Amino acid sequence: MVLVVKTMRIEDIEKEIIEEFEIFDDWMGKYEYLIDLGRSLPLINDKYKTEDKIIKGCQSQVWMHSELIDGKVVYTADSDAIITKGMVALMIRVLSNHTPDEIINAKLDFVEKIGLTKHLSPTRSNGLVSMIKQMKLDAIAYSSKLKS
Amino acid sequence: MTASKTIYKTSIDIEKIRADFPILSRKVNGKPLIYFDNGATSQKPLSVIDSLENYYKDQNANIHRGVHTLSQEVTLKYENARSTIQNHLNAKHAHEIIFSKGTTDSINLVASSFGKKYISEGDEIIVSAMEHHSNILPWQQLCEEKGAILKVIPINDAGELIISDYKRLLNAKTKIVAITHISNTLGTINPIEEIIALAHAKNIPVLVDGAQAVPHTAVDVQALDCDFYCFSGHKLFGPTGVGILYGKEKWLNEMPPYQVGGGTIKTVSFEKTEYADLPLKFEAGTPHIEGGIGLAVAIDYINTIGLDTIAEYEHELLLYATDAIQKIEGLKIIGTAKNKASVISFAVKGLHPFDIGTILDQLGIAVRTGHHCTQPLMAFYCVPGTIRVSFAFYNTKDEIDIFIKGLQKAISMLK
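Top to bottom, those sequences are chains A and B. Using the numbering used here, read the first sequence as starting at 1 and increasing by one per residue. Using the numbering used here, read the second sequence as starting at 1 and increasing by one per residue.
Take the hints with a grain of salt, since some may be wrong.
For lysine-lysine, the following DSBU-like pairs were computed, each having C-alpha atoms within a straight-line distance of at most 35 Å [stated by the list, open to error]:
id	chain 1	residue 1	chain 2	residue 2
1	B	K77	A	K118
2	A	K107	B	K27
3	B	K16	A	K49
4	A	K30	B	K327
5	B	K27	A	K133
6	A	K133	B	K16
7	B	K16	B	K77
8	B	K202	A	K118
Don't read these hints as lab results, they were simulated from the structure. As the structure is a computational prediction, the values presented were derived from the model and not from experiment.
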């Protein structure tokens, strides 16, 4: 018997996260959960925490690394700020382990639905927006590599 | 928020003042706004807001051009604004007041124009270790262009300039000293009288970045004898997009125009252009007319309270907040100069400023977090950034109490 590990679709993971956040009726619960997410994940191999992997934000920094494994993009990342790290953990949970094309087409509207849009506002406040952009750029690069 | 039960040493009608600032009654994230980011920009009194509205409803025309009534009326208003600013700074002449886009623009003007005429290879320009990027980069770029050298006055651990080192830096090659009056990150009030006098003893002109000083302290450019003084309208309770360059007449007359175009000329032909006299020589294009007028309204407003009263009241807030902040475990104040304005930067051991700022924002408290555009200073203190609270005269001790509770909550959530 061949064991088929079925990966959840990006939309389904987003739905799952939205449901997880629905149980919090105030901001404190949400942020405490984000902080826990940030704490619980050893996100990136220290050897990738180098200057060239830094996605510079004005205030918090994000390190991001991606690899193509069996046609799927695997991301690892870290941040020096714990709330950003929690957001990073969510992004990785949604996007990692999907094909480049799935990642390119991901709308990521779960952020708005869980009420954390301010972390994605186009300000210089953190490296998260730049990280998502870099995640998608990496996926585009892998996609063209697979097609060539 | 009422402040009626709180005791203040300074005689100031805080409730009346707060009523003049409509934004102070709004809520942020469901909580009453506590605005402690005045170092970034200040809020605007109703008189300034009304002035901007009236300008577009009743006064709008271009200045210095038309023969028609509207243009003449608004030209007069704009030039009266210049006189208000002249009087506020005690400048000798109104034409020594140049309208700019802000402090950054004013500094760029001087670096470019003064630099073009007076800076050559091997010359030296002095700045300090606590400068805002806006008072570093224009000079750094000028140095790169001209082959000049940027020299930096060091600071001690408290965040005070080391004057003995400054004295050693001044020499025959030094062409200008560019120094901040008050540090935006540390709150340090620099001894600019002494800095200017030491430079002048060697015939070196001094530019003062007054962006953080004008909202807190009275500035008399003749008493200081500074050669240039720069500030922004928006930090002085006025509109954004307008600022001032004060320059001594003798420098401004000798310096070439910075940007050229409409308004800066006497006569133009394809062979030769004769530029206008001061101040128009430095005011190319249609300016931020309503901004200039609004800035004068803001100055009139703060003069009704009085800068001496403002300084005294803000000092009271500074001492009150410093005392409360110091009691929090694991917290370190960055910048402990003897002479400080109402700015407190601090770091909490093991916690990132961004996280603390994010939690405080949820509580309706606006603070600044990050490097405050002073990265060399962050490197000096070995921190990625700080949390900065900066007070204006409309802030209260009650707000400080709420902020302290919020800060404690943030720390407990993040630890």
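What are the numbers of the hints that this structure violates, sorted from low to high? 1, 3, 6, 8
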